[in-house]
Amino acid sequence: MFTKEKRLKVQMTIMLAIVGIGIGWLFAVQFKTTPSRVLNPVTPYLSLTQAQATLTRDQDETKNKIKALKKEIDESQAQIKIQQKSAKTMVEELEQLKDKVGLTEKKGKGVVVTLADSSKEIPNIDSIVHAADLRDLVNVLWGADAQAISVNDERLTNTSSIDSIINTILVDNTKITNPFVIRVEGDQKKIQKVLEDANALSDIKKRVKSEGLVFNTEKLDVTVNEFGASFSVNFAKTK
Amino acid sequence: MILGYAIVSQLKIESKINEFIDPKRSSVIALEVSELIKTNQQLLTEQRDLQEQKNKLASTDNDSEESIAKDIEKLKIISGLTEVVGPGVQIEPSEFLQTVQLIDLINALRNIGADAISIDDQRVVMNTFLDEENFPKPVIKVIGDSDVLENALTRKGGIIEQIGGNAKVTTQTELVLPAVK
Numbered sequence: 001m002f003t004k005e006k007r008l009k010v011q012m013t014i015m016l017a018i019v020g021i022g023i024g025w026l027f028a029v030q031f032k033t034t035p036s037r038v039l040n041p042v043t044p045y046l047s048l049t050q051a052q053a054t055l056t057r058d059q060d061e062t063k064n065k066i067k068a069l070k071k072e073i074d075e076s077q078a079q080i081k082i083q084q085k086s087a088k089t090m091v092e093e094l095e096q097l098k099d100k101v102g103l104t105e106k107k108g109k110g111v112v113v114t115l116a117d118s119s120k121e122i123p124n125i126d127s128i129v130h131a132a133d134l135r136d137l138v139n140v141l142w143g144a145d146a147q148a149i150s151v152n153d154e155r156l157t158n159t160s161s162i163d164s165i166i167n168t169i170l171v172d173n174t175k176i177t178n179p180f181v182i183r184v185e186g187d188q189k190k191i192q193k194v195l196e197d198a199n200a201l202s203d204i205k206k207r208v209k210s211e212g213l214v215f216n217t218e219k220l221d222v223t224v225n226e227f228g229a230s231f232s233v234n235f236a237k238t239k
Numbered sequence: 001m002i003l004g005y006a007i008v009s010q011l012k013i014e015s016k017i018n019e020f021i022d023p024k025r026s027s028v029i030a031l032e033v034s035e036l037i038k039t040n041q042q043l044l045t046e047q048r049d050l051q052e053q054k055n056k057l058a059s060t061d062n063d064s065e066e067s068i069a070k071d072i073e074k075l076k077i078i079s080g081l082t083e084v085v086g087p088g089v090q091i092e093p094s095e096f097l098q099t100v101q102l103i104d105l106i107n108a109l110r111n112i113g114a115d116a117i118s119i120d121d122q123r124v125v126m127n128t129f130l131d132e133e134n135f136p137k138p139v140i141k142v143i144g145d146s147d148v149l150e151n152a153l154t155r156k157g158g159i160i161e162q163i164g165g166n167a168k169v170t171t172q173t174e175l176v177l178p179a180v181k
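Here the protein sequences come in this chain order: E and Y.
The first sequence runs contiguously to residue 239 in the numbering used here.
The second sequence runs contiguously to residue 181 in the numbering used here.
Treat each hint with caution, since some may be false.
[What the hints assert, rightly or not] With a straight-line Cα cutoff of 35 Å, these simulated DSBU-like cross-link-like pairs (lysine-lysine) come out:
1) E:K120 with E:K205
2) E:K239 with E:K67
3) E:K63 with Y:K70
4) E:K189 with Y:K76
5) Y:K70 with E:K237
6) E:K107 with Y:K38
7) E:K98 with Y:K137
8) Y:K181 with E:K239
9) Y:K70 with E:K100
10) E:K88 with E:K107
11) Y:K38 with E:K175
12) E:K98 with E:K193
13) Y:K54 with E:K88
14) E:K81 with Y:K76
15) E:K100 with E:K67
16) E:K237 with Y:K54
The set of hints was computed from the structure by calculation and includes no laboratory data.
Computed from a prediction, not measured in an experiment: that's the story for all the values here.
Take these sequences, add in the hints, and give me the full structure.
So, in structure tokens, the structure goes:
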């Protein structure tokens, strides 16, 4: 039979063994996590994030310069329209074309569609919005005779693309984030009818029910921003 | 207590290091950086072109009219109001393309920098509704950098593979695309 003293000894031994194993485990983990190479894995990561921040800042600055230049060009053209009789018709044609391609702001009756990730704590592939959802939605809206569309205030044009890098969505290579607000100018009844059609956007509607994806529509007076950049044509020529 | 503190600290450090060196996270940022570099280059070119345009408008009457005429031509091409000609590629899918495949293909062509696109000799513009029923076996013509387009479409992991289709892609020195009807 164990005496009190012996029991104490056994308990102490067990305690010491636990502490010993714990310290041993810590040493082992420490050795395992220390990179065996000279390279510090944190440095490239930090360089990448710094480069990302610098490039994003540069992009914003260039966009602002482009915006200012476009405004100055518009003003110059308006002046030419007044001062040069020969150019008046040309400037008027240019103004109509600018309006057609999305280089002017549009205001009017329309619909605002909000597409957003589900508020589920643990997201899954079906509970978040993908670039493909936005592409499908935009296609359906054009089918409903939309006159102008913007996604998170990025105006869509003939050259626009909606893409993704893993979970980051880009409109014309500009990063946009959840929630996604799509402003559409056009016939409210027609747009609403198409959006409510059970056959349209069936995948999104299924995920609204099963995963809590957010898909709301509202008839409103809308302002659709003008396209912030300019166009470049490098290979096509008029015949 | 000391042992507990040490364990918690160790776990925290480990998770922080893992967060930093997580290849998935780093590669996402690397891709974003690469996209930013590409976009910033495009934006700088745009800025230079606009500056040139502004200077021309401010110079002689002839120069300003030339600049306006150039702008008109460019926007006519963009809007699809005029027939256009140029090099590019012709894509002939070997099987039926579903609506989502068409949407993804046209989106990718725009992202690569296509100047003009047509499907079955119908010009694709901003508000073209893409629907499989309208284009049961589409022939897609694209004006742009033919080498870049062909490579982006046909390489392993390229657009055709991404949309899960098969297609014959041929480069063309001159394609003629109609104006919007």
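Going down the list of hints, with the structure as the test:
A C-alpha spacing of about 17 Å is found between E:K120 and E:K205, which places the hinted pair at or below 35 Å, so the restraint holds. Between E:K239 and E:K67 the alpha-carbon distance is near 31 Å, which keeps this suggested pair within the 35 Å criterion. Restraint check: the Cα-Cα separation between E:K63 and Y:K70 comes to about 22 Å, which is no more than 35 Å; the hinted pair holds. Note on E:K189 and Y:K76: the hinted pairing holds, with a Cα-Cα distance of about 31 Å set against a maximum of 35 Å.
Proximity of Y:K70 to E:K237 is assessed by CA-CA distance (about 11 Å); at most 35 Å being required, the pair is judged to hold. Taking the CA atoms of E:K107 and Y:K38, the gap is about 32 Å. The hint holds against a cut of 35 Å. For the given pair, E:K98 sits about 34 Å from Y:K137 by alpha-carbon distance, which is consistent with the 35 Å threshold. As the CA atoms of Y:K181 and E:K239 are separated by approximately 16 Å, the hinted pair is consistent with the 35 Å bound.
As the CA atoms of Y:K70 and E:K100 are separated by approximately 17 Å, the hinted pair is consistent with the 35 Å bound. Taken as a hint, the E:K88 and E:K107 pair is honoured in the structure, with Cα atoms around 26 Å apart against an allowance of 35 Å. Annotation: proposed proximity of Y:K38 to E:K175 holds, straight-line Cα distance about 13 Å (limit 35 Å). For a cut-off of 35 Å, the pair hint linking E:K98 to E:K193 stands: about 30 Å separates their Cα positions.
Of the supplied pair hints, the one linking Y:K54 and E:K88 holds, its CA atoms being roughly 17 Å apart against a limit of 35 Å. Distance hint between E:K81 and Y:K76 is fulfilled; the C-alpha atoms sit about 20 Å from each other, no more than 35 Å. A hinted pair counts as satisfied when its Cα atoms are at most 35 Å apart, and E:K100 with E:K67 qualifies at roughly 19 Å. Taking the CA atoms of E:K237 and Y:K54, the gap is about 22 Å. The hint holds against a cut of 35 Å.
In summary, the structure agrees with every hint in the numbered list given earlier.
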